[in-house]
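Asks: Here are the chains, one letter per residue:
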Amino acid sequence: MSVIGILLILLKTISVVAVFLIHVMFVQYFERKAIGHMQSRLGPMRVGWHGILQPIADSIKLFFKEDIIPASSDKPIFYIAPIIGVIAAVSSLAVIPLWEGFSIANLNVGILYILALSSVGAYSVILGGWASNSKYSFLGGLRSSAQVISYEISMGLSLVGVMMMAGSTNLSDIVSAQDGRWFVIPQIIGFTVFFISALAETNRVPFDLPEAETELVSGFATEYSGMRWALFFMAEYAGMFVMSALAVVCFFGGWSGPGFWIFAYVPPVIWFLIKVYGFIFLYFWIRATLPRYRYDQLMRLGWKIFIPVALANIVITGVVKILWK
Amino acid sequence: MPGTYIPSDYLPVAIIIIFAALVGLGAVVAGILVRPRRPYAQKLYAYESGNPPVGEPRQKFSVKFYIIAMLFVVFDVEAVFLYPWAVAYDKLGIFGFVEMMLFIFILLIGYVYVWKKGAFEWE
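Protein chains in written order, with this note's numbering: chain H, 7 to 331; chain F, 441 to 563.
Simulated from the structure, these hints should not be mistaken for laboratory data.
Incorrect hints may have been included.
Said to hold, decoys possible - Pairs of lysine to any residue residues, derived as SDA-like cross-links and limited to a Cα-Cα distance of at most 25 Å, are as follows:
#1 H/K327 to F/K556
#2 F/K483 to H/E72
#3 H/K67 to F/Y487
#4 H/K327 to F/M541
#5 H/K327 to F/I457
#6 H/K310 to F/Y553
#7 F/K504 to H/A218
#8 F/K556 to H/Q303
#9 F/K504 to H/K67
#10 H/K331 to F/K483
#11 F/K483 to H/E219
#12 H/K310 to F/I546
#13 F/K531 to H/Y299
#14 H/K18 to F/I546
#15 F/K557 to H/E72
#16 H/K331 to F/A528
#17 H/K327 to F/F535
#18 H/K71 to F/D530
#19 H/K81 to F/A470
#20 H/K310 to F/M541
#21 H/K67 to F/A470
#22 F/K504 to H/K18
#23 H/K67 to H/W105
#24 H/K67 to F/Y480
#25 H/K18 to F/V453
#26 H/K67 to F/A486
Said to hold, decoys possible - The following label-pair restraints were derived from C-beta to C-beta distances:
#27 H/I268 to F/M510: 52 to 58 Å
#28 F/A481 to H/I62: 54 to 60 Å
#29 H/E221 to F/G495: 16 to 22 Å
#30 H/I12 to F/P479: 42 to 48 Å
#31 H/N114 to F/K557: 35 to 41 Å
#32 F/K556 to H/M44: 39 to 45 Å
#33 F/S502 to H/D185: 50 to 56 Å
#34 F/K483 to H/E221: 34 to 40 Å
#35 F/K531 to H/M44: 46 to 52 Å
Model, not experiment: these values are computed from the prediction.
Virtual Cβ for every residue (Gly too), placed ideally from N, Cα, C.
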């Protein structure tokens with residue numbers, strides 16, 4: 007590969023990640039506004055027009071905050087845990103096709119790559135909770151590990167139906183295979199299992215047990231402050247984007263939009279973003295609506311309901327595909 | 441250049457991982473110059489509602505879900521077996537379908553067994 011090729015990849019990577027991080031920054035404004043209005047509040051209003059500059063103010067504040075490292079913590083692991091989270095969440099972006107033929111790395115193992123990195127992301131929470139050497143953090147980390155072993159499998163199994171229908175794990179191929187017939191309709195069971203597992207995977211309400219601010223102070227992040235805490239936060243929101251993007255790609259036709267009238271002139275990436283933000287909004291809506299699960303309830307849900315349902319979905323997909331031919 | 445094979449599909453992955461690491465490290469390291477650093481003993485306590493921490497957090501702790509953690513390994517490997525099968529499903533035809541149904545069936549026997557043994561229950 008030539009130097010120019012490498013430079014091109016570098017440019018592509020930097021621009022996509024930069025735009026992505028701006029989205030991650032502003033999505034928390036969107037969250038506060040959305041939840042605020044759902045609870046008959048206004049949300050942030052002071053910084054800029056309707057509080058639009060709030061995320062920038064928050065970022066500056068966090069940047070200047072003291073980085074407190076508890077004396078009893080495991081220093082090296084405490085340092086790197088949030089960075090692992092950011093690496094896992096941001097590099098998942100590499101395989102997401104934003105429009106036809108555009109992804110940073112067009113891997114044939116796209117789905118596996120994202121699933122693998124999301125498992126690595128869970129390590130940042132577990133390691134952070136362990137290294138803090140505080141009781142709240144420890145319980146948070148422990149709960150995170152319980153969550154990982156309950157949801158990883160059903161999440162992986164729920165996507166098998168999509169792979170069977172598309173005959174590929176390459177995300178661009180999956181989008182092309184849908185071609186107007188979104189997989190959400192034949193794979194509605196798979197989609198339901200996937201989306202609920204994705205909520206658990208990203209530690210969002212109703213599965214935000216590792217953080218659980220009403221019982222564990224701030225869970226795994228109790229001892230973290232300033233920029234390190236911000237990195238955990240960034241990783242969580244980036245993870246939400248990645249999971250939403252995966253849901254859009256696998257079940258909602260990726261970048262494709264309605265191809266008639268003026269809609270045909272809207273760039274595909276806009277359709278992609280609209281769908282992703284639809285999912286992000288759903289995350290917030292669920293957060294404003296549902297209470298938190300207890301972690302044995304969560305494990306029961308994962309093991310006793312989702313795994314058999316996801317397996318049944320695979321069998322049904324297989325039977326239907328055989329009969330269809 | 442002969443002998444210097446670069447898997448070009450995976451080069452962007454390497455680049456984005458390095459770049460993400462730089463973003464994470466950069467955010468923490470750049471702040472060293474501007475953020476205050478005034479540690480004292482009380483501030484460096486692990487948080488315990490404002491009191492000095494009592495006892496060690498890393499005591500013997502009963503992890504009740506350790507059986508599930510072992511089952512997780514089994515089922516995760518099962519999921520890994522399903523992926524290549526799913527991708528090649530159209531080419532395998534009825535034979536592949538029956539094979540995998542047998543595989544899932546055998547697994548289900550084990551699943552029902554651990555369920556009946558009460559591995560998913562705890563107080």
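Asks: None of the hints should be skipped; say for each whether it holds.
Replies: Okay, the hints, checked on the actual structure:
no., hint, result
1, H/K327 to F/K556, "violated, 33 Å"
2, F/K483 to H/E72, "holds, 11 Å"
3, H/K67 to F/Y487, "holds, 22 Å"
4, H/K327 to F/M541, "holds, 14 Å"
5, H/K327 to F/I457, "violated, 38 Å"
6, H/K310 to F/Y553, "holds, 13 Å"
7, F/K504 to H/A218, "holds, 20 Å"
8, F/K556 to H/Q303, "holds, 18 Å"
9, F/K504 to H/K67, "violated, 41 Å"
10, H/K331 to F/K483, "violated, 68 Å"
11, F/K483 to H/E219, "holds, 21 Å"
12, H/K310 to F/I546, "holds, 17 Å"
13, F/K531 to H/Y299, "violated, 42 Å"
14, H/K18 to F/I546, "violated, 47 Å"
15, F/K557 to H/E72, "violated, 51 Å"
16, H/K331 to F/A528, "holds, 16 Å"
17, H/K327 to F/F535, "holds, 13 Å"
18, H/K71 to F/D530, "violated, 56 Å"
19, H/K81 to F/A470, "holds, 19 Å"
20, H/K310 to F/M541, "holds, 20 Å"
21, H/K67 to F/A470, "holds, 14 Å"
22, F/K504 to H/K18, "violated, 47 Å"
23, H/K67 to H/W105, "violated, 36 Å"
24, H/K67 to F/Y480, "holds, 22 Å"
25, H/K18 to F/V453, "holds, 12 Å"
26, H/K67 to F/A486, "holds, 23 Å"
27, H/I268 to F/M510: 52 to 58 Å, "holds, 57 Å"
28, F/A481 to H/I62: 54 to 60 Å, "violated, 35 Å"
29, H/E221 to F/G495: 16 to 22 Å, "holds, 19 Å"
30, H/I12 to F/P479: 42 to 48 Å, "holds, 43 Å"
31, H/N114 to F/K557: 35 to 41 Å, "holds, 40 Å"
32, F/K556 to H/M44: 39 to 45 Å, "holds, 44 Å"
33, F/S502 to H/D185: 50 to 56 Å, "holds, 52 Å"
34, F/K483 to H/E221: 34 to 40 Å, "violated, 24 Å"
35, F/K531 to H/M44: 46 to 52 Å, "holds, 49 Å"
Of the numbered hints listed earlier, those contradicted by the structure are 1, 5, 9, 10, 13, 14, 15, 18, 22, 23, 28 and 34.
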